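A.B. asks: Each chain, letter by letter, is given below.
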Amino acid sequence: MEKVLLKGNEIIGEAAIRSGCKVFFGYPITPSTEVIEYLSKHFPKVGGTVVQAEDEIGAINMCYGAACTGTRVMTASSSPGVSLKQEGISYSAAVGLPMVIVNVNRCGPGLGGLGPAQSDYFQSTRGGGHGDYRTIVLAPSKAQELYDYTMLAFDLADKYRNPVILHTDGFLGQTMEPVVVKERPEAQIEDRDWVVDGARGRKKRVLASYSLTNEVGEANNLKWEAKYKDIQEKEQMWEEFHTEDAEYLLVSYGTTGRICKSTVLNARKKGIKLGLIRPITLWPFPEKAFIPYKDKIKGIVTVELNTGQMIEDVKLSVECKMPVHLYRRQGGMLPTEHEILAYFENTFKATAEEV
Amino acid sequence: MEKVFGRSKGLTDVPFSFCPGCTHGTIMRLIAEVLEELDIIEDTIGVSPVGCAGFSQDFFSCDFVGAAHGRAQAVGVGIKRSLPDRMVFTYQGDGDIAAIGTQHAIHTAARGEKITSIMVNNAIFGMTGGQMAPTTLEGMKTSTSPYGRDISVNGYPIDLPRLIANLDGAVYVASVSVDSPKNILQAKKAIKKAFMVQKAGLGFSFVSVLSTCPTNWGLTPVDSLKWLRENMMPVYQMGELKATEEVKSL
Numbered sequence: 064m065e066k067v068l069l070k071g072n073e074i075i076g077e078a079a080i081r082s083g084c085k086v087f088f089g090y091p092i093t094p095s096t097e098v099i100e101y102l103s104k105h106f107p108k109v110g111g112t113v114v115q116a117e118d119e120i121g122a123i124n125m126c127y128g129a130a131c132t133g134t135r136v137m138t139a140s141s142s143p144g145v146s147l148k149q150e151g152i153s154y155s156a157a158v159g160l161p162m163v164i165v166n167v168n169r170c171g172p173g174l175g176g177l178g179p180a181q182s183d184y185f186q187s188t189r190g191g192g193h194g195d196y197r198t199i200v201l202a203p204s205k206a207q208e209l210y211d212y213t214m215l216a217f218d219l220a221d222k223y224r225n226p227v228i229l230h231t232d233g234f235l236g237q238t239m240e241p242v243v244v245k246e247r248p249e250a251q252i253e254d255r256d257w258v259v260d261g262a263r264g265r266k267k268r269v270l271a272s273y274s275l276t277n278e279v280g281e282a283n284n285l286k287w288e289a290k291y292k293d294i295q296e297k298e299q300m301w302e303e304f305h306t307e308d309a310e311y312l313l314v315s316y317g318t319t320g321r322i323c324k325s326t327v328l329n330a331r332k333k334g335i336k337l338g339l340i341r342p343i344t345l346w347p348f349p350e351k352a353f354i355p356y357k358d359k360i361k362g363i364v365t366v367e368l369n370t371g372q373m374i375e376d377v378k379l380s381v382e383c384k385m386p387v388h389l390y391r392r393q394g395g396m397l398p399t400e401h402e403i404l405a406y407f408e409n410t411f412k413a414t415a416e417e418v
Numbered sequence: 007m008e009k010v011f012g013r014s015k016g017l018t019d020v021p022f023s024f025c026p027g028c029t030h031g032t033i034m035r036l037i038a039e040v041l042e043e044l045d046i047i048e049d050t051i052g053v054s055p056v057g058c059a060g061f062s063q064d065f066f067s068c069d070f071v072g073a074a075h076g077r078a079q080a081v082g083v084g085i086k087r088s089l090p091d092r093m094v095f096t097y098q099g100d101g102d103i104a105a106i107g108t109q110h111a112i113h114t115a116a117r118g119e120k121i122t123s124i125m126v127n128n129a130i131f132g133m134t135g136g137q138m139a140p141t142t143l144e145g146m147k148t149s150t151s152p153y154g155r156d157i158s159v160n161g162y163p164i165d166l167p168r169l170i171a172n173l174d175g176a177v178y179v180a181s182v183s184v185d186s187p188k189n190i191l192q193a194k195k196a197i198k199k200a201f202m203v204q205k206a207g208l209g210f211s212f213v214s215v216l217s218t219c220p221t222n223w224g225l226t227p228v229d230s231l232k233w234l235r236e237n238m239m240p241v242y243q244m245g246e247l248k249a250t251e252e253v254k255s256l
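Chains as they are written, first to last, in the working numbering: chain A, 64 to 418; chain B, 7 to 256.
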C-alpha cells in the first residue's frame, strides 16, 4: 500500500483525483487554499481541469453546470466562501446534482479567524441556503479520513444525486499526517438517464427547478423528501469508543472527536466508565447510535467548537431522557483532553462519585 | 403541396407564451434557425436565466439547464469545461447579465470561455413587472423610476457589449436589433457568426439584441418598435463592435 505524507487539504485534492473527479472550480480562501493549489499543480497532469473562478458564486455555479453533464466535480472553500455558495447549493439540491463541496471551517461569524472551529454545523446540516433541502455531511477527524471520506463523498453524491459536504477545519486542513493511499474500488454504474450532454438520438432534457404550478412543486418536494428519508435510513455513520459498558458519553466529531478519545482513556484510568460516540455523518445525524444507550446512560457531554449546535441533535436523539451538557471552545480555540475531563467531572460530580 | 416555410427544427412544439409584440419569439427563432443551419441541435446545451428569457428552456429543442438569476454564464462554463466538444450558449435578459450577473459577464469574457452569450436588452426588468434595469435609459419611466431615471441618483445605463469588447478573451461582440426585417436579417448573421466562433474554438462570443417590452413600456407593439429605434439605438453602440482577424476569416 502506498503511503504519503501530505497536508490535510492536499490529501483532499489527491483523493479527488483518485476518485475520478474531472473538474474543479474554486476560489482561494484560507484555510482551504491548499486544495485548489494542489489540484492546480497535479490535476492537469492527469487530464483534469481547474478553473479559478471570479468568486465563490461563480465557482459553485460552474459546479452546477458540470454536474448537469454527469461529470464528477468538486469545489473547496471556507466558511464565508461557503456562505456565498449557498444559493448554488440550493439550486443543485433542487435538481438533484451530485457534487462534493469541501468546507474547511473558519471560526466566525463574519470574516472570523482561521483557527479550528465547527461554527458551520447548522449551515451544513440544515441545508444552508433557501428552500427545504438537505446535503449529506461527512466529518473527518484525521488525515486518513480526509482521504477516505472524500472518496466516499463522491460515491454518495452519485448514489443519491445530491450535494455532499466534507465538513472539516483548519486544524485538519493544515496538519501533515501519513495517509495510506488506497486505490478506489470500481464505482458502481449509476443511472445517467437524467444527464444533460446534448440530445443525441434522444429526447431533449431540461434540468431546472422552476415551477409555477403548486401541485408540481409539492410533487417535487415529496420526491426529494422521500430521498432524504431513504438517506436517513441507510447512511447514518458513526464511531463508538469504549461505549459497551459506558455510564456516561461524550459526543463529539471531527478534531474534537479525536481529542475526546484521549479524554475517555484518561477517564477510564480513573475508573470512570466514560465512552464516546463520534458522528461521522453530521447529516443524516446518527440517531441510531443512541438507541442502545437511551435508557442506561446517566448523562452526556457534547464537545463542540461553537455555541452548541450539534447538542440539539443529540438531545433529540436521546429524547431528552438524560441530562445533556455542552463543553465548548470558540473563536479558533481548542480544548485539551484534560479540560474536557475536568468539565465532565465537575458537571456530573454527584453521579461520578458512584462510579 | 410543397411546404416552403415552417417552424424551425431548433424549436419545440410548445407555443410561445410571450406578451403580444414582445420580440423574444423573433430572437429565439433566429437562434433556432442558426442551430438548425449549423446542424448542431444535438450538440448544443442551452442555459436559461431567470426572467422572461427563462422560458427559453421550454422552446428550444436542444438540451437545456436552468440557472439561478445572473449565473447562466458560470453554469455554461461548467458545462463547456466538462464537455469541450459540445456547443454551449446562454440566453439572458439585460437584467440578468448586466445587473446581478455582471461579474460572470466580465470574467467569462476575460477568460475567453468558448461559449456564446445572447443578451436580450429591453431596458427593463420584464418579468417582475417593469422595474429599472442597468440598461434603462436616462429619463425613462419604470415602476422603480416613476419620475424617470435620474442620472444623479441612478447613474448611467450600461452598454455591456462596449464593455465586453474591451476584454481580450472576447473575440466577437455584436450589438443588433430586431425592429425591422432588415435588422432581423443582420441580427441572424451576427448570431450565426457567434456560434461559428464557438465552433471554431476561437474564444468568447457575445451578441446583444435590442428588444421590446410593449407591456411594461405601455406602448403598442408597433409604437414599441418605433420607440426602440428612436430611443435605444442612439444610446447603444450598434453593429459589430469587435471581430478579431481570426473571426473575420471564418
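These are calculated hints, taken from the structure and not from any lab test.
All values reported here derive from a predicted model rather than from experimental measurement.
Keep in mind that the hints are not guaranteed to be accurate.
Said to hold, decoys possible - In the DSSO-like style, the derived pairs of lysine-lysine whose C-alpha atoms are separated by at most 30 angstroms in a straight line are:
(1) B:K195 <-> A:K266
(2) A:K267 <-> B:K9
(3) B:K9 <-> A:K266
(4) B:K147 <-> A:K267
(5) B:K15 <-> A:K266
(6) A:K66 <-> A:K222
(7) B:K205 <-> A:K85
A.B. asks: Decide if the proposed pair is consistent with the structure: B:K15 and A:K266, CA atoms, cutoff 30 angstroms inclusive.
C.D. replies: Between B:K15 and A:K266 the Cα gap is close to 13 angstroms, so the pair holds against 30 angstroms.
A.B. asks: If you draw a straight line from the CA of B:K205 to the CA of A:K85, is it 30 angstroms or shorter?
C.D. replies: 23 angstroms, holds
A.B. asks: Hey, B:K147 versus A:K267, does the alpha-carbon distance stay inside 30 angstroms?
C.D. replies: Violated, at roughly 40 angstroms.
A.B. asks: Between the alpha carbons of B:K195 and A:K266, is the straight-line distance 30 angstroms or under?
C.D. replies: The given pair, whose Cα atoms are some 28 angstroms apart, holds under the 30 angstroms limit.
A.B. asks: When you check the alpha-carbon spacing of B:K9 and A:K266, does it fall within 30 angstroms?
C.D. replies: 25 angstroms, holds
A.B. asks: For the pair supplied as a hint, A:K267 and B:K9, is the alpha-carbon distance within the 30 angstroms limit?
C.D. replies: 25 angstroms, holds
A.B. asks: Within a Cα-Cα threshold of 30 angstroms, do A:K66 and A:K222 meet the stated pairing?
C.D. replies: 29 angstroms, holds
In summary, the structure is inconsistent with hint 4 from the numbered list given earlier, while agreeing with all the others.
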